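With the hints as constraints, model all of the structure from the sequences given.
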Amino acid sequence: MKGGSGAVLNKSMEKNYEGSFHIVGGDFSRAGEASTELKSILQSLGIEKEIVRRASIATFEAEMNIIIYATAGILRYVITPEEIRIIAEDMGPGIEDIELAMQEGYSTAPEWVREMGWGSGMGLPNMKKNSDEFYIDSVVGEGTRVEMVIRRQIFSEGRSNDH
Amino acid sequence: MTIKELVEVLDAEVLTPELSLDLEVKGGYVSDLLSDVMAHAKEGDLWITLQTHLNIVAVASLKSVSGIVVVNNRRPGAETLKKAVEEGIPILTTPHTSFEIAGRLYQFLNAEKV
Chain A
1 MKGGSGAVLN KSMEKNYEGS FHIVGGDFSR AGEASTELKS ILQSLGIEKE
51 IVRRASIATF EAEMNIIIYA TAGILRYVIT PEEIRIIAED MGPGIEDIEL
101 AMQEGYSTAP EWVREMGWGS GMGLPNMKKN SDEFYIDSVV GEGTRVEMVI
151 RRQIFSEGRS NDH
Chain B
1 MTIKELVEVL DAEVLTPELS LDLEVKGGYV SDLLSDVMAH AKEGDLWITL
51 QTHLNIVAVA SLKSVSGIVV VNNRRPGAET LKKAVEEGIP ILTTPHTSFE
101 IAGRLYQFLN AEKV
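Read top to bottom, the protein sequences are chains A and B.
First residue of the first sequence? That's 1 in the numbering used here, and the numbers climb one at a time after it.
First residue of the second sequence? That's 1 in the numbering used here, and the numbers climb one at a time after it.
It is worth saying that the hints were derived from the structure and are not from the lab.
Warning: the hint list may mix true and false statements.
Unchecked claim - Pair ranges (Cβ atoms, derived): (1) B:8 x A:135: 28 to 36 Å; (2) A:110 x B:78: 48 to 56 Å; (3) A:106 x B:97: 37 to 45 Å; (4) A:48 x B:82: 26 to 34 Å; (5) B:111 x A:33: 34 to 42 Å; (6) A:29 x B:8: 16 to 24 Å; (7) B:50 x A:93: 28 to 36 Å; (8) B:108 x A:99: 43 to 51 Å; (9) A:110 x B:97: 41 to 49 Å.
Stated by the list, open to error - Which stretches of chain B does chain A cover? Using the computed rule of at least three CB atoms under 8 Å from a CB of chain A, they are: (10) 40-54; (11) 59-69.
As the list claims (entries may be wrong) - Below are the PhoX-like pairs computed for lysine-lysine, each with C-alpha atoms no more than 25 Å apart in a straight line: (12) A:49 x A:128; (13) B:42 x B:4; (14) B:42 x A:49; (15) B:4 x B:26; (16) A:128 x B:42; (17) B:82 x A:129; (18) B:42 x B:26; (19) B:82 x B:4; (20) A:129 x A:49; (21) B:82 x B:42; (22) A:15 x A:49; (23) A:49 x B:26.
Just so we're clear, the structure is a prediction, and the values are computed from it rather than from any experiment.
All residues carry an ideal CB built from backbone N, CA and C; glycine is no exception.
In structure tokens form, the structure reads like this:
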């Protein structure tokens with residue numbers, strides 16, 4: 001799956017790449033499949049390692065949230081020469097207090113999910129940290145929509161996402 | 001230092017004999033919280049954890065860690081090991097605690113640098 005030759009890189013500049021993954025809520029056995037596949041796609045397009053790393057983390061967290069909380073969801077991605085846009089939309093319980101949910105350490109995950117090492121309240125903060133733009137909308141009883149943009153331009157060390 | 005060289009140091013048993021242990025270990029990370037591992041583990045780290053379920057392989061694979069050491073004599077199930085072989089993530093188990101394993105790994109990696 002791994003690419004990254006010059007030819008592939010040039011090809012990646014010619015057009016946009018789009019796709020989507022259907023995520024089934026509660027299916028922990030397939031957790032990470034969508035993010036791993038997206039990571040392979042990004043690598044095959046020759047996208048810079050650090051950008052791939054950030055996009056993979058953000059996508060994995062979004063995928064996990066659908067699996068942990070929702071009935072079902074869709075993860076969509078659009079890759080352009082400028083950015084990687086990831087949109088996660090689910091049919092789920094929704095988030096009552098988004099501000100609270102964005103706080104590191106806050107989680108509504110059940111005990112058995114926490115025992116697996118998920119539900120530590122780091123998912124949404126991890127998504128935000130690894131994105132250049134982060135939008136979240138949620139309606140209780142209907143679902144949640146997260147949109148993340150990771151820009152492909154490489155900035156100097158000055159930009160910090162680790163706070 | 002490769003995983004192969006560390007097996008004895010960590011008193012470990014290799015649970016994925018199908019896989020090569022020649023991967024280089026560049027560092028280590030100790031955590032049982034998967035989002036924390038996703039946020040902070042580095043490529044080439046040896047991941048020390050007590051988690052044994054299937055998702056550890058996906059996290060390890062996404063982060064390109066060199067391998068997983070499961071501590072306290074815990075043993076991942078067949079499903080986890082099968083996935084690990086598919087993804088090329090070596091899994092070891094050891095009777096020691098995370099503290100002990102991290103200490104040994106730290107000592108050996110640093111001794112190598114001198």
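Against the structure, the hints come out as follows:
1. B:8 x A:135: 28 to 36 Å: Taking Cβ atoms as reference, residue 8 (chain B) and residue 135 (chain A) lie about 51 Å apart, which means the hint is violated.
2. A:110 x B:78: 48 to 56 Å: 26 Å, violated
3. A:106 x B:97: 37 to 45 Å: 29 Å, violated
4. A:48 x B:82: 26 to 34 Å: Taking Cβ atoms as reference, residue 48 (chain A) and residue 82 (chain B) lie about 33 Å apart, which means the hint holds.
5. B:111 x A:33: 34 to 42 Å: 39 Å, holds
6. A:29 x B:8: 16 to 24 Å: About 34 Å separates the Cβ atoms of residue 29 (chain A) and residue 8 (chain B), which means 16 to 24 Å is violated.
7. B:50 x A:93: 28 to 36 Å: Holds: the Cβ-Cβ distance is about 30 Å, inside 28 to 36 Å.
8. B:108 x A:99: 43 to 51 Å: Between residue 108 (chain B) and residue 99 (chain A), where Cβ atoms are some 45 Å apart, the hint holds.
9. A:110 x B:97: 41 to 49 Å: Once the Cβ atoms are compared, 27 Å apart, the range 41 to 49 Å for residue 97 (chain B) and residue 110 (chain A) is violated.
10. 40-54: holds (count 4)
11. 59-69: holds (count 3)
12. A:49 x A:128: Distance ~19 Å between residue 49 (chain A) and residue 128 (chain A) Cα, so the pair holds.
13. B:42 x B:4: 20 Å, holds
14. B:42 x A:49: Holds, because 12 Å separates the two Cα atoms, which is no more than 25 Å.
15. B:4 x B:26: 13 Å, holds
16. A:128 x B:42: 19 Å, holds
17. B:82 x A:129: 33 Å, violated
18. B:42 x B:26: Holds: residue 42 (chain B) and residue 26 (chain B) sit about 9 Å apart, inside 25 Å.
19. B:82 x B:4: Holds, at about 20 Å.
20. A:129 x A:49: 17 Å, holds
21. B:82 x B:42: 24 Å, holds
22. A:15 x A:49: Satisfied, since the Cα-Cα distance of roughly 20 Å is no more than 25 Å.
23. A:49 x B:26: 18 Å, holds
Hints 1, 2, 3, 6, 9 and 17, counting from the list given before, are not met by this structure.
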